[in-house]
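If you want the building blocks of each chain, they are given just below.
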Amino acid sequence: MIISSSKPFSEILDMLMDKESVFIIGCSVCAAKQHVGGEPEVEEMSSNIKDAGVNVIGGVVAKAACSVRSREYLEELAPKIKDADAVLVMACGSGTSNIARFVDVDVYPANNTESLGAMAGDKIIHHLCAMCGQCTIAEFGGVCPTAQCPKELLNGPCGGSMDGKCEVDPEKDCAWELIYERLERIGRLDLLDEVRDAKDRLVK
Amino acid sequence: MLSTFNDALNSDRFIVTAEVAPPKGTDISATLEDADLIRGWVDAINITDNQHAVMRMSPVVVGKLLMDAGHEVIVQFTCRDRNRLALQSDILAASVLGIRNLCVMTGDYPTKGDHVGAKPVYDLDSVQLLSLITKMMDGHDMAGNELAGAPSFTIGAVSNTEAARRMQMIKLKKKIDAGAQFIQTQAVYDVEGFGEFMDSFTHPDVPVIAGIIPLRSAGMARFMNGNVPGIRVGDELISRMEDAEDPVQEGLEIAAESIRELRKMCRGVHMMPIGGNSNTPKLLEMAGISALQ
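Read top to bottom, the protein sequences are chains C and H. Quick note, the first sequence lines up with residues 1 to 204 if you use the working numbering. Quick note, the second sequence lines up with residues 1 to 293 if you use the working numbering.
The following block holds chain H by itself, in its conformation from the complex (with noise of 0.2 Å):
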């Protein structure tokens, strides 16, 4: 039998997330099958929502049919493009189809997308959202309206690991006062940075689950420390890189390595790899990690 994302999270065993894009288009056979690649290796997918501000297929709906297709889902709620009226329509779509668990994020700005001059919404933050949908999950509506039926959902938000960053953990705090069950963060290559983090961390019994990229060139990796906010991808590891015969399998290595030094400090490895998972069951094979069946 299929065990939900929650019986994970209350197991003692090291979780396993990954990442699957839903299309941007009707055809939905790539995501399917990327998705394939992972199934009996992770606790759950995460579904994307217009991630990066492209657009893309609803990730309820993508959702559904992942579930269909035998897979247990979190699909993610950006706050970008819907008002608080859009936002309890989808919760209460994603709740009637069978959805478990929600990630609330605020999502990035629509000038980094492919949608440039799209009206931002933005109409509630990520703590705001994260409130609502435990009022909705006590049978209310944001306006104080009773629910004829309330969803239920295991929820999560997420973070960078920046612990000299006193604004952010402030708003970590508040992320799980408002609801947030677990965390999943931004990609993690500084190992200790994050030890700093998770020690500054002030809910040691929520649930981190660290976010892995495996890097593919030396070049990825300066262009996310010049571009990608809360990633730092240190010296030793860009030479590493530079060095290596075969830089994806230097960056299989890396993350392994990582994975090895994530699984001593917290819950659980978010995978985000660059372009789908094919490489995503051997990196984990790397990692010491078998498959769930």
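With the rest of the complex left out, here is chain C (with noise of 0.2 Å):
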């Protein structure tokens, strides 16, 4: 799941302030389970923009921002975004960026989009995966170093961790305290002693 959080309502205002015709778009998948996204929140942001003065001119909640392919579907899906002048999109950054692939006018993102993580009921679980194009997670018991590490250390903990805790966050478990946990309830600690090489970055 793609885990994304809301931008402050007077961000989102400021971007949309000289506008006249907004349309709203949601994203049924990911935000809408975040509860940043859905139609109650398609709904109480478009009650929110016109009540400080911005016309809104309507709303949709797209199956998924990331899988509209076309710009027929989305006029199909949203008659009334011909007439915006505005398009805010409350959905993660590759939802946004798709609908912008569609429409016109300017696009807004009513989100931002924080890392690729999972959802273990209302509890958001950051950092899951770096998305990095040559998985390799099986090496560290499931727990993904790249991810999870703010480091990326491949071999191993740095020394700026404290009680199990990470330097960067120390509300954080460390993310080799992690993987050595883990290891040793598999019984494969016979996989800390590999030399991890470098992964060559993906090349955009």
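Mixed in with the good hints, there may be bad ones.
[Unchecked claim] When the alpha-carbon atoms are kept at most 27 Å apart in a straight line, the in silico DSS-like pairs for lysine-lysine are as follows:
id: 1; chain 1: H; residue 1: LYS119; chain 2: C; residue 2: LYS7
id: 2; chain 1: H; residue 1: LYS64; chain 2: C; residue 2: LYS165
id: 3; chain 1: C; residue 1: LYS172; chain 2: H; residue 2: LYS119
id: 4; chain 1: C; residue 1: LYS199; chain 2: H; residue 2: LYS282
id: 5; chain 1: H; residue 1: LYS119; chain 2: C; residue 2: LYS199
id: 6; chain 1: C; residue 1: LYS165; chain 2: H; residue 2: LYS264
id: 7; chain 1: C; residue 1: LYS165; chain 2: H; residue 2: LYS112
[As the list claims (entries may be wrong)] To list a few chain H residues with every Cβ distance to chain C over 12 Å, as calculated:
id: 8; residue: LEU97
id: 9; residue: HIS140
id: 10; residue: ALA150
id: 11; residue: ARG260
Quick caveat, the hints were computed from the structure, so don't treat them as lab data. The C-beta atom is built at its ideal place from N, Cα and C for all residues, glycine as well.
Join the two chains, each given in its own frame, into one complex according to the hints.
Structure, rendered in structure tokens:
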């Protein structure tokens, strides 16, 4: 799941302040699950923007903002979008970017996209995958150091972790603690002895 | 004649190294003065690399300046600020400037320093960087291209000294397998704990140089316990600092006692005094270590 959070409303309003007809698009996949782009959030956003004095001409929740496949498809889903001078997308960055391919007006993000993670009930779990394009997660017991260690260390922890917590965020478990615990639990501590080579960066 | 740090490693002498920080700005005088305070007392001076992620002058350049002033230097290389291209460029530069010793470490995260929005690089980790330097010394770059002239260094790495942290011990072994010829440690206050670390250290032939930071106050000890990973100052030492009339002097006494004990356990000590080396010669004398000449 792509983890996003809502931008502060004041920031959204600043973006839309000089617009005359705003259209809002939500997304019923990750953003809806995290309550930052589902039906209720699109309705609430619409009413808040109107209350602030900016005209909203309509809103729709796409099945998935990232799988809208053409301008025609989008215009069929949301006929009023043709009259908009701005589109506000309540999805992740890739959903917003995908919508921008099919409209010829300003497209604004309502969310900040943070990581590829998971949800356990209402609890969001960040940074489970860094999308490096060369998955070697089995070498680390399913805990990816490229995603979970801020320094992306492949051969063990840095000297900065304290009491099993990360140097960068003391609230966060050190990824290498998690890797060690997990490999111990599955009887694969032998995997830790291997020297892991640097990854080649994925070409964008 | 100035002997090299490698000569010291290969001797049976107790080794002393000390840390000097590059300047923040172009005025190199304070750095040269700090190094001069320990001239004749240390086998080599470590030059820190944007220590604590605080921007300072390149340690490669400062290394050259200190060598020109007659010091033997160990230039520190962190993985934080340079990708594999820049690291290799600087390794070649260090070699051609005559720098003989490098010490490799991961590097504190940018948010710990004074440019919190800096892009963290960490293209290589410390084990991979050690392997890369070893490969360059064999005449090839990381991509396998042949080098026209290979660098030559004595290379080291760093470690915390908590034997119970098994993952850290595994990584230390990897560092040595990747080419580390000496280990400099985080500051040691728990000499007994350090003994356990040495007992579980798998490479008795690799010199371990124990870190020393003289305490300056009880508050500093408490701060380090709460904020500096790998450091554990025991309650007994904290009470001694609290009760001391002259805490700075007491801190030196404690450090001198530690050095005397550590001398029986490892190959040397690495001085990392807060605020410069003005007390370093005094401390070494108190610990029964004489100047080199």
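Worksheet item: Which of the listed hints are not met by the structure?
Response: Hint check: 2, 4, 6 fail, others pass.
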